[in-house]
Structures are given as structure tokens and as C-alpha cells.
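**Q** This is what each chain is made of:
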Amino acid sequence: MYKKIMVPVDLEHTDKIEKALHGAAELAKSYDVPVCYVAIMGRVPNRVAPSPEKFEAELNMFAREQAAKYGIETECKAVPSVDVPVELDDKLLGAVDEVGADLIVMASHIPGIADRLHLISSNAAYMVKHSNVSIFVVR
Amino acid sequence: MSDDRKQAQEAISEIEDLYDTDYEIGQDNIEKWGFDMHAPVFPVSAFLILVFVVGSLMFPEESKQGLEATRNWIQNVFDWMFLSAGNFFVLFCLALIVLPVGKIRLGGEDAVPDFSIMSWFAMLFAAGMGIGLMFWSVAEPVGYFTEWFGTPLNVAGFTDESRTAALGTTMYHWGLHPWAIYGVVALSLAFFSFNKGLPLTIRSTFYPLLGDRVWGWPGHVIDTVAVLATIFGLATSLGLGAQQAASGLNFLFDIGAGLQTQVIVITGVTAVAIVSVVRGIDGGVKLLSNLNMVLAFLLLAFVIVAGSLGGFFSNLGRTVTGYVEYILPLSNPVGRADDTFYHSWTIFFWAWWISWSPFVGMFIARVSRGRTVRQFLTAVLIVPTLVTIVWMSAFGGNGLDQAADGIGELADGISDSTLALFQMLTHLPLTSITSFLAICLVLVFFVTSSDSGSLVIDSITSGGKTTAPVTQRVFWATAEGVIAAVLLTVGGSAALQALQAGAVSMGLPFTFVLLAMCVSLSRGLYHERQLLQYNEVLQR
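Chains G and H, in that order, give the protein sequences.
Each step along the first sequence adds one to the number in the numbering used here, with nothing skipped, and position 36 is 36.
So the number in the numbering used here is just where the residue sits in the second sequence, counting from 1, plus 139.
There may be inaccurate statements among the hints.
Some, not all, of what chain H presents toward chain G, calculated at C-beta under 8 Å [claimed, not checked]:
(1) Ile164
(2) Gly165
(3) Trp172
(4) Asp253
(5) Leu339
(6) Ile420
(7) Lys604
(8) Val609
For the record, the hints were derived by calculation from the structure and aren't laboratory data.
All residues carry an ideal CB built from backbone N, CA and C; glycine is no exception.
Based on the provided sequences and hints, a complete structural model is requested.
**A** Here's what the structure looks like:
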């Protein structure tokens, strides 16, 4: 039914997306398809890595760990961005076609006061609104 | 493994250990309500901003007197230090261009630039001094020629020699020296961030000197002072600039230059700046900077052609010879007799550039990944100076020609420095179009300072993270507009001038900060070059 599953990841907060990672792995096993982990990579040092090159290495390692943990085929893609909080949504959307995914499994926060006051937005909501492929939003 | 390789390997790990920190970017941050705040830099900065604003509103005259007295004291007592430090920064940057460390690439050997040369340059210029050039390129040289407020080295006004002196001196204030000040800060930040993986915040440049102590209170102090200097520098320029823009708009459209027009200008500039930061560096800041470059080029080309091509080339000659002739005597801090000029112009400018350097330097750093040290300093130091020579020869040259030939208001001297540009344009063809273009440029230059400034404050107050939610940068852009509008409405010019004097006074502590940066950067670059050499040994 699906060919490839894309999972957007924030390497700084992998603990918060455990359920999405698990769900994506289970789907990958049942359809026997690969999972591609996509991360948006800034140009300035961040908590994950001091440089884009090391960031890519971290993402690679993450993908390999997931493969070993769940016994699935994995790949990854780091998308460069000069201004992450602004470009994140569009870069993720662009990555869907690039990696050739037809299902997205992504974590999303439970809306709270900050959402009601429009102080923060939901990346998952943006993807649901703008992407053509199926999306499984995990909470 | 041969001995050579073994030694190289040991030396590499020794150097890498020097920059190995356990500090994790964002580890002191609090994430709440759409903010990602460094504690204590964010709350302390916000609190101090509030204290200073409320203080200057409750006691506008007292705070104006107090802060202006502080600024004057600093400028009079430390004049030699500002001037000597400025000279040192120029020599330091020129040395880095020619020394072998110039080959070091920001972001490592394989890093590629994120922006095209033109966009990169447009952003440096728009953040750095676009707005000042609009206002001072006519007023400053004409002011010297007409003996408005002191003359450089006491050269007598209204003479042929004073025309050359006027153009040369203005170039001195807007050429190599300010850009070297920005260059030192920008290169230090870019190097320690992109090559050493330290957070993009001012304190990181002190890591080689202070080690892990920079993550504690010495770093908090440096970052907080940088935030205060930036926000007050930007907000007061916006407030005072709104008065200038309003007088320009009134001059053109006769809509009144009162408080209402000024507040509309502040609101408009802030609104566009907010849209720009929400659209990000690529979709907002870069776009506006490029637009401004095109507009500025059109206006420049027009002023050159309309003012007479022959006149332009003769002024170009004057500017270049004036700059060469006067750069050394004006850089000399010993035995100066031109007190009014020396303190009110040169030292004021130097304190001003230095107090702006954390902001402009950090923004330049952020967009400069992938350039070599040599390319970087050439683009930051030499190219803007060359462009400014052309700009000054066209605008200042035309103004001087009018003043010398007795044409228009400029011939009577500077009545209102903010109108000098428009008074010059009045005596060229198509005045209404060019004046309108000029006012648009002024407004967009305000926006390009405001949006890049908000990004810088956003990054410092989140401990060097550039991934804080968009809400946070909107908060800072809004704060800047609100501070400007409130100060102007409630406290008037006195409150604005008070806080501006406060911001400029930050130039003194930052002079020491910049000198320390030079030491730190020299060590860092020296280590980086050693690393490259040892790596070559390993690859052989």
C-alpha cells in the first residue's frame, strides 16, 4: 500500500517523538518498506552538533540505530536551512517529494494555551494542510 | 605510524582539547509560551530595558543630563583610546588579509557560502551603515566646508583646500575604520562559531581567554550589555530617525512633521520589520537588502549623471586624495588642537561604531559561512570603503559644489542636518521623484537595521540558538518599535537622546571587549592554521 515512510525528526528532542518512531517502525515492518528520517539542519552550531557535517553524521547514526532497534531498512536526509524556525515547514514539504515518500508519520504536541494565543504553530498541521500524501499524526 | 604522523596526531588532539567544552548550546534555556529564553540573559535584559525606559520617562531631563554627561566624560577622557583602538583594528584586519591565516575558511575547508556575493554584500551594507550614509553623506562634508560645527584640523572653511578636507574627512569617518571595527567582531564570532562549534553569541569569542568561565557570569554580563547596547541603539535611532523621516516627508508632501507623522513612521517601519523577520533571512532580510541596493544604485547613478559627470570625476579625485592626505593626521591622537571637531565628530563616531559592533558584527557573521578570512575581510573592509568613496563623491561632492557655487540653502550652511540631502536634490532635475526615492531608501534602511537587529537580539537572548520560535524575534522587533514610540510620545527628544547617550557610552566597555577579541581571535586563527598544517602531515 505504501512505498516509503518519511519521519521528520528533531534530533534535539528525540525523547519526545518516541511514539512516532515506534509507530513508523511498526508500519514499515507490516508493509515491508523503508523509513527515511528527515531533519532540517541549520548552519549555526546547535545542541545536536557543532557543524552541519557533524549534524549529518549524527542523523546517519540515528537512522542506523533505528534500523538495528526495530529490524527495518532505514535511510536519512538532512535538509540545510539558513533560518530553521521560518523555513522548517516548507523544507519538510519539499523533502517529501525528494525522498519519494508516500506516507508521513510525525509527532505533534498537544495544543495548549500557546497554540490558542497563536504564539506557536503546529508543523504537523501545516503538513496535513499542504502535503498530498497520507499523514499519521502521533501524540 | 611514523614519528611525524604520531607527533602531528598528538598536536592535533592537544589543540582540539583547548576548544573542547562540555557546555551544550541551550542547556540554560527555558522553553515556555513560544519562547526559548536563556536564563539569566533574557529576563535580566528585559528587566533592565524596562528600568531604563521607565527611568528616562519619569526623569527625562535628569537622565538626559546624567547620561550625556557620562558620554561626554567618556569621549573626553578616553579620546586617545578610541582613536588608537580604531587605528589598531584597521591594521589588525589588513594584516589578517595578507598573512597566511587569510586562507582559513569559515566553516572548514569544504564549507560553501550560503549566499551569493551580491546578496551577501547587500546585507552587510544594509545592516551596517546604509541609513547613516543617507543622512550624513551631504550634511557632513557641507558642514565642514561651511564651518557648521568645527572643522577637521581647523582647516579654514569656504576654501578650495577645505573641500578636499571635507570629503577626505567624511571618508575617514565612513571608510576603513568603522568597517574594521565591524570586521573584528564579525570575524571573531564567525570563526569561533563556524570553525570551533561554539554558540553564536558574543561571549563565545572569549572562550580561548576565559575557558568554561564564559558560560558563567562573565559571559552573562557581556551578552546582556550587548543586548542593551543593541536594543537602545536601534530603538533610539528609530525614534530620532522617525523625526528625520517625518521632516523629509513633510518637506515633500507637506503633511506636517509632528508627533503623529513620526509615530506613523515608527509603526510602519516596525510593521514591515516584523513581516521581514517572520519571513526569515532568505525571504525577508535578504529580499529587502537587495531591493535597497537596487534603489540606492539608481539614486547614485542619477546623482552622478544629473549633477554633471565632469564634476563627479573631479570630486572623486578630491575624495581619494583627501582620504589619503588626511587619514594619518586625523588618526593621530597626540597634540590635537581641533577640539570641537575631534570630540564631536571623530570620537563620537568611533564610540558609535563600537557600540553598534555587537549587532552589526553578529549579523555579518551569521551570513558569512563558507568565505575565507581573506575574502571576508576584503568584502567587509575594502569593498564598502570603495563603494562609499563613490557614494561620498556623488552626494557630498554635489552638496559641496552647490555650497561653493552659492546655489540653494546649502550655500548658507547647514540649517537642519536631516534636510541636507533633500536640499541638495532640490537643485537637480526630477526633484520630486528623487526625493521620494530617497525617503523610500531611508525607510527601508530602517527596516533592514531593525529586522537584522531583532534576529541578533533573538539569538543572544536564547544563548546562541538560532532555532528559537518565531514568536521570540517578533517580540524583539515589536519591543524596539514600542520603546521608540513610547520614548518619543511620552518623553520626547530628551528621553531618546538620554538613552542614545547611554547606548553610545557602551562604546567604552566594548572597546576593551574588542581589543580582547583581537587577542582571542589571533590565538584561534594561529591554532587553526597549525591544525591545517598537521592535518596535511597526516594526509601525506
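**Q** Each hint needs a verdict: does it hold in this structure or not?
**A** Hint check results:
For the restraint placing H:Ile164 at the interface with chain G, the shortest Cβ-Cβ distance is roughly 5 Å, inside the 8 Å limit, so the hint holds. Of the supplied interface hints, the one on H:Gly165 holds, with its beta-carbon coming within about 5 Å of a beta-carbon of chain G, less than 8 Å. A distance limit of 8 Å between C-beta atoms decides the matter here; for H:Trp172 the minimum to chain G is near 5 Å, and the interface restraint holds. With a least beta-carbon distance of about 5 Å to chain G, the hint placing H:Asp253 at the interface is held under the 8 Å criterion.
Taking 8 Å as the C-beta cut-off, the interface hint given for H:Leu339 holds, the closest approach to chain G being about 5 Å. A cut of 8 Å between beta carbons decides the hint on H:Ile420: the least distance to chain G is about 4 Å, and the hint holds. With 8 Å as the threshold, the beta carbon of H:Lys604 comes within range of chain G, its nearest partner Cβ sitting at about 6 Å, so the hint holds. The closest approach between the C-beta of H:Val609 and any C-beta of chain G is roughly 5 Å, which is under the 8 Å cut-off, so the hint is satisfied.
In this structure, every one of the numbered hints holds.
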